[in-house]
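Protein chains: 2
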Amino acid sequence: MRAHVPGAQGAALQAADASSQPGPEESKPEAACHAFGCSIFPSSMAPAAERAGATLQREEWGDITYPVLFIQLNQLFSTPAGLEWRETARWIKFEEKVEDGGERWSAPHVPALPLHSLFQLRTCLQKGTVLLDLDAPNFKEIIDKALSRQPEEAELQPELRERLAALLLCQPRHQPTKSLLQLLVELGLSPCRGKAKSWSEPGAQLSKTPLKEQLRNRFKKKVPPGAEAAHIAVGEVEFLEKPFTAFIRLRQGVALGSLSEVALPSRFLFILLGPRAKAKAYHEVGRAMATLLTDEVFQRVAWQAEQREDLIAGMEAFLDELTVLPPGKWDPSARIPPPSCLPSPHRRTTVHQPDGQSHGNGDIAAAGDRAGQRRAHSREELERTGRLFGGLLQDIRRKARWYGSDFSDGLHPQCLSAVLYIYLATVTNAITFGGMLGDATANMQGVLESFLGTAFAGFVFCLFSGQPLTILSSTGPVLVFERLLFSFSQDYGLDYLEFRLWIGLWVAFFGVVLVATEASHLVRYFTRFTEEGFCALISLIFIYDSLKKMLSLADTFPINWQYRLDNVTSYSCICNLSSPGHSSTGNDTPLPSALGLGGSRVSVHNLSLLPPLSSQPPAALAMLSRTQCLDQGGYLLGTSCQYVPDVTLFSFLLFGGTFLSCTVLKRFRSSRYFPVGVRKVVSDFAIILAILASCAVDAALGLETPKLLVPSELKPTNPARGWIIFPFGANPWWVCLVSTVPAVLVTILIFMDQQITAVILNRREYKLQKGAGFHLDLLCVSLLMVVTSVTGLPWYVSATVISLAHMESLRKESTTSAPGEHPKFLGIREQRLTGLAVFVLTGVSVFMAPVLKHIPMPVLYGVFLYMGVAALNSIQLTDRVRLLLMPAKHQPDLAYLRHVPLRRVHLFTIIQLLCLALLWVLKSTVAAIIFPVMLLALVGIRKGLERIFSLHDLSWLDSLLPETARKEADGKQSREQEESNSEEVGDVLDAAFSGLMPRRGPEINVSVN
Amino acid sequence: MRAHVPGAQGAALQAADASSQPGPEESKPEAACHAFGCSIFPSSMAPAAERAGATLQREEWGDITYPVLFIQLNQLFSTPAGLEWRETARWIKFEEKVEDGGERWSAPHVPALPLHSLFQLRTCLQKGTVLLDLDAPNFKEIIDKALSRQPEEAELQPELRERLAALLLCQPRHQPTKSLLQLLVELGLSPCRGKAKSWSEPGAQLSKTPLKEQLRNRFKKKVPPGAEAAHIAVGEVEFLEKPFTAFIRLRQGVALGSLSEVALPSRFLFILLGPRAKAKAYHEVGRAMATLLTDEVFQRVAWQAEQREDLIAGMEAFLDELTVLPPGKWDPSARIPPPSCLPSPHRRTTVHQPDGQSHGNGDIAAAGDRAGQRRAHSREELERTGRLFGGLLQDIRRKARWYGSDFSDGLHPQCLSAVLYIYLATVTNAITFGGMLGDATANMQGVLESFLGTAFAGFVFCLFSGQPLTILSSTGPVLVFERLLFSFSQDYGLDYLEFRLWIGLWVAFFGVVLVATEASHLVRYFTRFTEEGFCALISLIFIYDSLKKMLSLADTFPINWQYRLDNVTSYSCICNLSSPGHSSTGNDTPLPSALGLGGSRVSVHNLSLLPPLSSQPPAALAMLSRTQCLDQGGYLLGTSCQYVPDVTLFSFLLFGGTFLSCTVLKRFRSSRYFPVGVRKVVSDFAIILAILASCAVDAALGLETPKLLVPSELKPTNPARGWIIFPFGANPWWVCLVSTVPAVLVTILIFMDQQITAVILNRREYKLQKGAGFHLDLLCVSLLMVVTSVTGLPWYVSATVISLAHMESLRKESTTSAPGEHPKFLGIREQRLTGLAVFVLTGVSVFMAPVLKHIPMPVLYGVFLYMGVAALNSIQLTDRVRLLLMPAKHQPDLAYLRHVPLRRVHLFTIIQLLCLALLWVLKSTVAAIIFPVMLLALVGIRKGLERIFSLHDLSWLDSLLPETARKEADGKQSREQEESNSEEVGDVLDAAFSGLMPRRGPEINVSVN
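In order, the protein sequence lines correspond to chains A and B. For reference, each letter of the first sequence is one residue, going 1 to 1009 in full-length UniProt numbering. For reference, each letter of the second sequence is one residue, going 1 to 1009 in full-length UniProt numbering.
Please note that the accuracy of each hint is not assured.
As the list makes no split between identical chains, a pair holds if one copy fits it or if it spans any two.
Stated by the list, open to error - Cross-link-like lysine to aspartate or glutamate pairs, in silico, EDC-like; alpha carbons within 16 Å at most: (1) K145 <-> E162; (2) K889 <-> E99; (3) K889 <-> E821; (4) K93 <-> D331.
Hint data in this document are derived by calculation from the structure and do not stem from the laboratory.
Kindly generate the complete structure, drawing on both the sequences and the hints.
See below:
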């Protein structure tokens, strides 16, 4: 293996170096010069490594997969009742140790060894018995054969052999994994001193069949199917004068009864018994053997070795790759938790070897081949065909294959949870957005239209789109445009809906043109820079709007900050019907209307300056409620009329409480408490739980907080309009032509909004199997535009954050992973069922008014705030902004910081922030109409960055634009390698964070103005 | 060194093992059996290690301290302008690396090396030039001598020598440490692509005097005074055909101009130049050399070596102690952050060696000698002398020596911050406790008495006590007793203050008796079990009471949850003077009085059931305010009279806000943002900042929240009493005798309360230099009891939490520590000035009413909640309670979990929780009077635990009682070793947490009932 790859010479050399060098120079100084030369310039190959290479060369890497090894270390202890074997550690990938007095397993950790014990182990392999491909049906026979086939110089007396055999056949005491419940039960049963019931009496014979405890062992779940066992037995035996050691590989996996903790066929055995030695000497050699056996490369050697020398050579290769930690800088008793990302064994043998030394501190090994492969695969969908609708046809062809599985793959319990989660996000989205639109268009589009439109458009899109994981929604930029369009229509006396219909039709037309010309291939120019600018803008709008909404509550329900307890008698409010003429004296104060949606605005006189009760009110009218009073043409008079006690402050408590509970519950997944299943459920349903809890508190206390208004009848919110908009009639005929101008702007907007999201969703790191469909998606959006324009429903595009939440809730991860190993991300459950279910439920929600109307608005605002903050936290821009505030020495060890000078990183961040500020200003001023063009300008700015930053820096901070990437690739391969590294680091972070929260919390698009 | 300690044979053997073993067996298989034997049973000593031992044997460890070494690695790079030396890494203790493209320093990390490079380095030392004690005045001469004294076989041609010398004399480009500011300035100056201004042109000659940049380097602060430099220069040189290597030790430290980053005298040089080799080969050898030089043990060898073989032997010893990480389980590019706790070099050479293998994974090295030493030192104050007042005299003698320095040591800026912090805690304490006492004793002792008493008792105690860092305060248990005493006095018609005077006198008498009989030596029986029970109780009282106080606000300022916006006209409240007879109809509702302290209670009729305004109110009376109305004998009538809008909810917002800000600001210290100085200030003043911020918000909004009431006149709160209590007159004469019974209970209470705190404060981990004074402290408390009883002020004992906060705010830490090294805890600033200042300020605060009255009570409750939570979080019991909820595999790697079975740990926790529950129930019921006895019973329960738990388990979970400890010590030494380990782990945690928060937040004792 090591020899058949180019550059393995170097590797072999290294191995030779580590093995042959240390000793010889001391005995033969004159030979050392040669050895010295070896170590710096490559020369001849040393015999041991050559052999290791030869052993592995017999087959290509990856052709044969060997069973996973479960390795158990049994150690001999002397108890009052005699000698006893006890399990003291086990390995699959990482080490787990039985704690000294703990009767418990340690957390899995990286097996750190003293260098010394590895050298001792090598001696054992060199001098002891090595039996490869032994044929034996049971443990007794194995022992007998091992004892009889010893090398001559180490041969034992027959009576010693018998004693050894008897000793080895004793039943070991295992340490089964117990659940918390079992532990607590035991606690209850044996509260007094005295040990847990012993597994078996010391000295008992090994059972031939698996014990009950073995079968019941909970650890079994962790062992992948088909695994085999390796046993290591070490210990001090008084009657031995020289050590007995044996390494045995069985020809067939043999079930050895109760020898191992879990009932598995055994394959390898290593026995080391010897006379009294220093404390732990044998234990450490046993650990060294086990660690060696966990090594992927050595495992292959051990499987294939034909003689002792092959094993030794494999071990030399292992020694050669060791990382060492100096004494005095590292406490050897500290346990290193398993790293989240490891070099693959492939890498170690293929790519890692050529540059030999690259396992030095602080360098990242390159993996150019992999990066190239991934890049080629990922962007296949965006290759230009050069034919009209060529991309669309390819999309349809690609997706058609999967259409059946898009439904069958959705039949999984995980999808149920995803549906619930996304449904709630979609509904809150529809509600808020509907409210905003109603506000902006005088209820031409309201909450009911929003519900119906979302349900219809989402359903159709999920059924026919290229990427059915996308969730459609109204978005902030579109809302800005609708607001502008409505006021323009009013100013020029045009019929808004008819005007909008024509714009929609034109946009749909332009959209189809873009599909036909394969314009979607331009999304390759959307790099991280563009994506982050867009995402940050949306997140900020989110945070800003939820806070603004909360502050506006203080206007709706004003607090009397000057309230004085002592003046309680001076606060009152009565209805005055006697002098309606007062209503023209000005000084009007809008009175709180429950939410301003559809409610009529009322005004009262602020008469707080008048002394209360100065004029005798008609006593009969005092009993009228506010509504009755106003209905009868009266007005409210008094110092307390304009104030509403408690509601605002209670709303703020609900708002803060909801935000905090969302945050805490979401983070609960990474806490240490409770089993992982419980935590996962709590974290997945964090937002629903937070909403429910807040609603419960609100309902229990009964204060009249502003509640969600849901339409209860199926008719347009504004009675002036119908369900179908007619293209002619209200406006002059030329409007249908003039509409092309705004339509171009909307097209840019929709294209940017839709495609940026599509790019993010189809990122490589999600390992999507069924491919993207950029052209098909755009076609769907365009055609839906026709329908929503004709029926006067809102326009829909892909919503970034909510779609990402959808994907995150559908992650597939490997279930059985060795202790300490992180579950592998296997991909996303790509299917259409969850989306369809979400939108069917959304449609049905029109009839759920009685339930939904109990949700207080501040709770929803709290959820929005959480979502905005979560989304903002998930982009790299935020990390880099944080770096601005951190002294260099406290900055985390990020890949791009290792490679790009800090001031370049800061400069990049500041430019991004300036762009963001510009976008914010634009969307807030009258220039908002050219906002879509500005989004497009981001791509141009990114292009301009190449004049300021080197391609090397950009490849770390951003990704490269297609033409520069090609240029670079022609030159050197370094960038690709580095980029792949950066992605790997990204993957690590993903893996680390995926447990915590969706990369971006679900999005609800709130007003942009 | 290694040979002169007992057991060094083993160590030497190991060294021999690692060095001589690997090689020989391959060349001479017949010799291997011997080597194999060596590795398992100790036999002869190998020559290399013998030599290392001999080198170190010449002097005792610790007799000579060598200068700290600053090690710089310069590497040769080829730039377009020619070859250039660049600094690529530096070491003091840990490694810092110049990031690849980063122009920045990495965070300090453990230098992980490839094993390979260490073997290459050994070859370099074996074959290259080694010049020890070279005399040379400048770098040029050093180079010349090194080049001319090469070993024969490696000698270079003269022209090569010249080229090499010229190359070596080039000016290296250093990487100075820059502040964030400097970086941002540079960013502004050079925003375009192009590198930072180059340090010097490549090829420039080495300057003889230090450069400006060298002198300005901010890294200089990190290098301790007297440090010397070691230079390592490595690189590829095309014109060389074989490597040139030199290790040079100068006889004198010589300033070598601009060679190193900081201007230091140089001592060691290592040069490795050779022909082209594999990437990074030279770099890694250079790193290996640097890492070797950072090793404390090798440093001594390098200083003392007389010939090449000494160096090699030192290196063998280093190799022998290496920890190795297997490939495939650890990514070599990952950087390991410096551990917070390291085995000391002493340990490595003395204790660590005898058991040879104990640097295995998962074991903790023993250090029995140290533990014994510390134990002996710490408890010296508690040895019985057997004479009357013997302990007291010893205390006075011990403390008298330090009395002068107790004042001079207080002159440090840190003390100022401590005074401010503790002053605020003390004042809040005095206020709350005063309020509670006033409540419990009908203002016989009120806020003013609390202020005066605290100031007086604290001042006197700080002036004369044995442990002046203690802060006196009223405590919860004493409050319970006062409450009981007052109701008893009222029930039996006794004069409370006179009765109390007699009890106080008796307590003082018993206290003196306890001092005389040296009863304080009993505190040795107060183990963690007792301390934690007591601490947890106090913390819980804290949390419970702050929440209870907040909820009671809702009663004081009731919220109208049924308020309906529409019925605004139906809420009113008027003054009714016409029918005062109504006041006897019952249904009285206490109206909010600003805080109930001294304010008179008023009641109104709850007439919400009557229709409002049903009877015509006298119009003239409507203008009366609530107070005026009640003063004139009227009552309030109306639906809104009993409700207060907004105040309660706003109070909850303030409460939550204060708690959260305290938590966040306190944690800010461990955040990554801003320089450490800023963070430290913010964290130290977290509570003050939180209070100020909340007060500002409160003041800005202007709502009438309940504010702190501070006495403004210097007279007793209750006018019925004077400043001196007379012993006879009000009560029968026999009361003075009967008082002995309650006095015994109070004595137990005071003794427990005082001494538990004293034990905690005088813990070994605080490294107090001036010793404790248990007897003297008790005497002071007893005598103060006399004064406070006579003047009718509250009784005072040591307050645990606030005293700990005091100590934490006076921590001394080493300032210059090598990068990556944690600052060393040097001890506490033991002095009397801070305490005195705190209590003088407390006394003066009586006149600060105008300022303090702006503090809202909810803010103070928020602070109390924070303090309770912080205190509860700081005890091990809380950690163990958390373990109950954690699945075993997620539990942190705690020392006691490694050694005690989990179910025993859980059992111990549950017993502690039961005791705590029992204490809580006792203090809440009528049995509260025997509460002090129950505290004492904790000691008995602890004794009983020995029947359930083994001494081994107890030594991990608790500490041992004196007699069992002695018994154990006679038997085996294992426990002491283990205990010392557990303490070390404790120290680690301390070190880790000390930055975060005081181990226990300052305490304010709140009501116990």
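These are the hints, each one checked on the structure:
no.: 1; hint: K145 <-> E162; in the structure: within (12 Å within a copy, 68 Å between copies)
no.: 2; hint: K889 <-> E99; in the structure: between (37 Å within a copy, 12 Å between copies)
no.: 3; hint: K889 <-> E821; in the structure: between (30 Å within a copy, 13 Å between copies)
no.: 4; hint: K93 <-> D331; in the structure: between (22 Å within a copy, 14 Å between copies)
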